[in-house]
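Number of protein chains: 2
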Amino acid sequence: MNICIVGLGLLGGSFALGLKQLPYHYHFIGVDNNPEHAAKALELGLVDEISDLEAGVKKADLTVLAVPVNALIAMLNPVLDMLPEKATLIDFGSTKELICGVVQNNPKRAQFVAVHPIAGTENSGPEAAFAGLLPRKIMIICDKEKSRPESVKLVEDIFRQLDMRLSYMPADSHDLHLAYVSHLSHISSFALGATVLEKEKDEENIFNMAGSGFSSTVRLAKSSPEMWAPIFTQNSRNISAALDSYIRKLQEFKNMIDNQDEAASFELMKKTNDIRRILSGIDQ
Amino acid sequence: MNICIVGLGLLGGSFALGLKQLPYHYHFIGVDNNPEHAAKALELGLVDEISDLEAGVKKADLTVLAVPVNALIAMLNPVLDMLPEKATLIDFGSTKELICGVVQNNPKRAQFVAVHPIAGTENSGPEAAFAGLLPRKIMIICDKEKSRPESVKLVEDIFRQLDMRLSYMPADSHDLHLAYVSHLSHISSFALGATVLEKEKDEENIFNMAGSGFSSTVRLAKSSPEMWAPIFTQNSRNISAALDSYIRKLQEFKNMIDNQDEAASFELMKKTNDIRRILSGIDQ
Chain A
1 MNICIVGLGL LGGSFALGLK QLPYHYHFIG VDNNPEHAAK ALELGLVDEI SDLEAGVKKA
61 DLTVLAVPVN ALIAMLNPVL DMLPEKATLI DFGSTKELIC GVVQNNPKRA QFVAVHPIAG
121 TENSGPEAAF AGLLPRKIMI ICDKEKSRPE SVKLVEDIFR QLDMRLSYMP ADSHDLHLAY
181 VSHLSHISSF ALGATVLEKE KDEENIFNMA GSGFSSTVRL AKSSPEMWAP IFTQNSRNIS
241 AALDSYIRKL QEFKNMIDNQ DEAASFELMK KTNDIRRILS GIDQ
Chain B
1 MNICIVGLGL LGGSFALGLK QLPYHYHFIG VDNNPEHAAK ALELGLVDEI SDLEAGVKKA
61 DLTVLAVPVN ALIAMLNPVL DMLPEKATLI DFGSTKELIC GVVQNNPKRA QFVAVHPIAG
121 TENSGPEAAF AGLLPRKIMI ICDKEKSRPE SVKLVEDIFR QLDMRLSYMP ADSHDLHLAY
181 VSHLSHISSF ALGATVLEKE KDEENIFNMA GSGFSSTVRL AKSSPEMWAP IFTQNSRNIS
241 AALDSYIRKL QEFKNMIDNQ DEAASFELMK KTNDIRRILS GIDQ
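Residue numbers (UniProt numbering), protein chains in the order written: chain A, 1 to 284; chain B, 1 to 284.
Hints are supplied without guarantee of correctness; some may be wrong.
Each computed SDA-like pair below joins lysine to any residue, with the alpha-carbon atoms no more than 20 Å apart [as the list claims (entries may be wrong)]: (1) A:Lys199 <-> B:Glu267; (2) A:Lys270 <-> B:Asn273; (3) B:Lys201 <-> A:Asp261; (4) A:Lys86 <-> A:Ser124; (5) A:Lys199 <-> B:Arg237; (6) B:Lys199 <-> A:Arg276; (7) A:Lys137 <-> A:Ser124; (8) A:Lys271 <-> B:Leu197; (9) A:Lys199 <-> B:Ile247; (10) A:Lys201 <-> B:Asp202; (11) A:Lys199 <-> B:Ala71; (12) B:Lys201 <-> A:Glu267; (13) A:Lys201 <-> B:Ile278; (14) B:Lys153 <-> B:Tyr26; (15) B:Lys271 <-> A:Glu204; (16) A:Lys137 <-> B:Asp202; (17) B:Lys270 <-> A:Asn123; (18) A:Lys20 <-> A:Ser51; (19) B:Lys58 <-> B:Ala74; (20) A:Lys271 <-> A:Asp261; (21) A:Lys270 <-> B:Ala71.
Interface residues of chain B toward chain A, partial, derived using beta-carbon atoms under 7 Å [stated by the list, open to error]: (22) Ile118; (23) Arg136; (24) Lys137; (25) Val181; (26) Phe190; (27) Ile206; (28) Gly211; (29) Ala229; (30) Tyr246; (31) Ile247; (32) Ser265; (33) Ile275.
It is worth saying that the hints were derived from the structure and are not from the lab. C-beta atoms are modelled at their ideal positions from N, C-alpha and C, and glycine is treated no differently.
Hey, can you work out the whole structure from these sequences and the hints?
Here it is, written out as C-alpha cells:
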C-alpha cells in the first residue's frame with residue numbers, strides 16, 4: 001500500500017516513522033514544497049521516495065495532508081479533485097470546522113476523513129519527527145458520517161496499528177474543546193514569554209530564574225508561528241471566548257491578590273489542584 | 001557539624017538528601033509541626049533525628065527554615081532569638097523583601113542569611129524530596145552585606161558543596177524578578193487550569209486532549225496552595241504589576257486574533273520564540 005505524506009514535518013514524519021516500525025509493508029511517498037525538508041526527510045528515512053504533489057497523490061492509496069491549516073484550506077479541494085477513486089484523503093489539522101466546510105460540496109467529499117492527532121511537541125521540521133509521537137495518543141475523527149465507510153475503516157485500521165486511541169466528535173465540538181485545552185495553552189504560554197521578555201531585559205536573569213517553573217509554563221512559546229498563526233485565525237471565535245474566560249479568571253485572581261484575600265486565592269488554587277487527579281497518568 | 005532543618009518537605013528534605021550524598025559528615029536534626037511528616041522524613045532518611053524546635057536550633061551550627069513564607073514571618077525572630085552565638089540561620093522562602101524587613105532590627109540579624117534556591121517541582125511533602133533537586137541550580141543570596149562574613153562563608157561553602165551556582169542581589173530586586181519569572185508562571189498556570197476546569201465539565205475530554213500542550217502549561221497548577229497563597233500576599237505589589245502586564249499582553253494578542261491580523265500574531269510569536277535560545281540548556 002502506498003501512502004503519500006504531504007508536509008514532512010513533526011506530524012507527517014512521525015506518522016511515517018511510527019508505521020515503519022511495524023510489520024506492515026507501506027511504501028511512503030513524500031511531498032514537501034521545501035526541497036531541503038524533502039531531502040532531509042529522505043535522508044532520515046521518513047519516506048521512501050520524494051515526489052511532486054500530483055504524482056504522489058495519483059500513486060497513493062492514502063494521502064495525508066500534514067501541513068499548516070492555511071495551506072490545508074488551499075490544498076484540500078485541489079487534492080480531492082486529483083484523488084484516485086479508490087483512494088482516501090486525511091488531514092492532520094488542528095482546526096476542523098472550516099476544513100470540513102471547504103470540502104462540503106466537493107463530489108469526492110466521502111473520500112476525505114477529517115482527523116486530528118492530539119500529539120505534538122514545541123519542535124518542528126523533519127528532524128523533529130520521532131516514531132513514539134503518536135502511539136497511545138488520541139486520534140480524533142470528525143464528522144465520520146460524511147466519509148464513506150471503507151475510507152473510515154482504512155484510516156481506523158492504520159491508527160489502531162499505531163496503537164492510537166480513537167475518539168469521534170463533530171467538527172464544531174472539536175474546535176470548541178481544542179480552543180480551551182490546546183489553543184488557549186499556546187496563547188497563555190506565548191503571552192507569558194512575551195511579557196517576561198519585555199520586562200526582563202537581562203537574559204541571564206531569565207535563564208537563572210527559569211528553574212522555578214517558568215521553563216515548563218513557557219515551553220509552548222517555542223512553537224512554530226507558521227503553524228499557529230493560521231490556527232488562531234481559523235478558530236478565532238472559540239479562541240476569543242476562551243481568552244475572555246481566561247482573562248476574567250486572571251483578573252479575579254489579581255483582585256484576590258490585590259486585596260490580600262489569601263482565603264480566596266487559597267480556595268481557587270485548592271480547587272484547581274484537581275487537575276492533578278484528572279491528568280494523572282500523563283507525563284510532563 | 002549539626003544542621004537543623006525546620007520544615008521537612010520538598011526543599012528542606014532535598015537539601016539534606018543532596019548533602020548526604022557527599023563525603024562530608026553532617027548530622028541532620030529534623031523539626032516539623034506535622035508529626036506524620038516528621039516520622040516520614042526520619043523513615044526516608046532525610047534526617048538523622050527528630051527534635052522539637054528549640055532543642056533542634058540550640059544544638060545546630062546551621063538552622064534552615066524551609067517552611068511556607070507566612071510561617072517564616074512568624075518564626076524568624078523567635079528562632080533568631082534562640083540561635084546560639086556561633087550559629088547561622090537561613091531561610092528558603094520565595095519572597096525576600098518582607099522577610100528581610102521583619103528581622104532588620106533583630107540584634108542577631110547578622111547571623112541570618114536570606115537565601116532562595118531557584119528549584120522546585122509541583123510536588124510537596126517529605127516524599128517529594130530528592131537528592132538531585134538542588135545541584136546545578138541557582139541559589140540567590142540577598143542583602144549579603146547585612147550578614148556577618150563567617151555566616152555568609154559557611155552557607156556559600158555548603159551551597160558550593162551541593163554544586164549550586166551562587167547569585168547575589170538585593171531583596172527588593174529578588175522579589176521583582178521572581179514576580180515575573182516564577183510567581184506569574186504559577187498564576188498563569190492556576191488560572192488556565194481553573195478556566196479549563198470550569199468550561200470542560202467532562203473530565204475525559206480534558207484528559208484526552210491534554211496531549212497537545214495543556215499538561216505542561218498547567219503543571220504548576222498542581223502546586224501547593226499552602227505554600228503559594230502567602231507568597232502571593234507577600235509579593236502582591238510586584239505580582240500585581242506583572243499580572244497587569246500579562247493581562248495587557250493577552251488582550252493585545254486577543255485583539256490580533258479577533259481582527260484576524262495574522263501578520264501581527266505571527267510577529268508576536270516569532271519574537272517570543274527567542275525564549276528557546278535563552279532557555280537552551282534547561283530541561284523541560
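Is Lys270 of chain A close enough to Ala71 of chain B, meaning Cα to Cα at most 20 Å?
19 Å, holds
Is the straight-line distance between the alpha-carbon of Lys58 of chain B and that of Ala74 of chain B 20 Å or less?
Between Lys58 of chain B and Ala74 of chain B the Cα gap is close to 18 Å, so the pair holds against 20 Å.
Checking one constraint from the list: CA of Lys199 of chain A to CA of Ile247 of chain B, max 20 Å. Satisfied?
14 Å, holds
With the threshold set at 20 Å, check whether the alpha-carbon distance from Lys86 of chain A to Ser124 of chain A stays at or below it.
32 Å, violated
Checking hints one by one. Is Ile206 of chain B an interface residue toward chain A, by the C-beta closer than 7 Å rule?
5 Å, holds
For the pair supplied as a hint, Lys201 of chain B and Asp261 of chain A, confirm whether the alpha-carbon distance does not exceed 20 Å.
Violated - the C-alpha atoms of Asp261 of chain A and Lys201 of chain B are around 27 Å apart, more than 20 Å.
At a threshold of 7 Å, is the proposed contact between Arg136 of chain B and chain A supported by beta-carbon distances?
9 Å, violated
Under 7 Å is the threshold here; is the Cβ of Ile118 of chain B close enough to any Cβ of chain A for the hint to stand?
For Ile118 of chain B, the interface hint holds, since the closest Cβ of chain A sits about 4 Å away, which is under 7 Å.
Let me know if the C-beta of Ala229 of chain B comes in closer than 7 Å to any C-beta of chain A, holds or violated.
4 Å, holds
Holds or violated: Lys137 of chain A to Asp202 of chain B, with C-alpha atoms at most 20 Å apart
The hint holds at about 18 Å.
Does the alpha-carbon distance linking Lys199 of chain A and Arg237 of chain B stay inside the 20 Å limit?
15 Å, holds
Checking hints one by one. Is Val181 of chain B an interface residue toward chain A, by the C-beta closer than 7 Å rule?
4 Å, holds
Violated hints, in rising order: 2, 3, 4, 10, 11, 23; the structure is consistent with all others.
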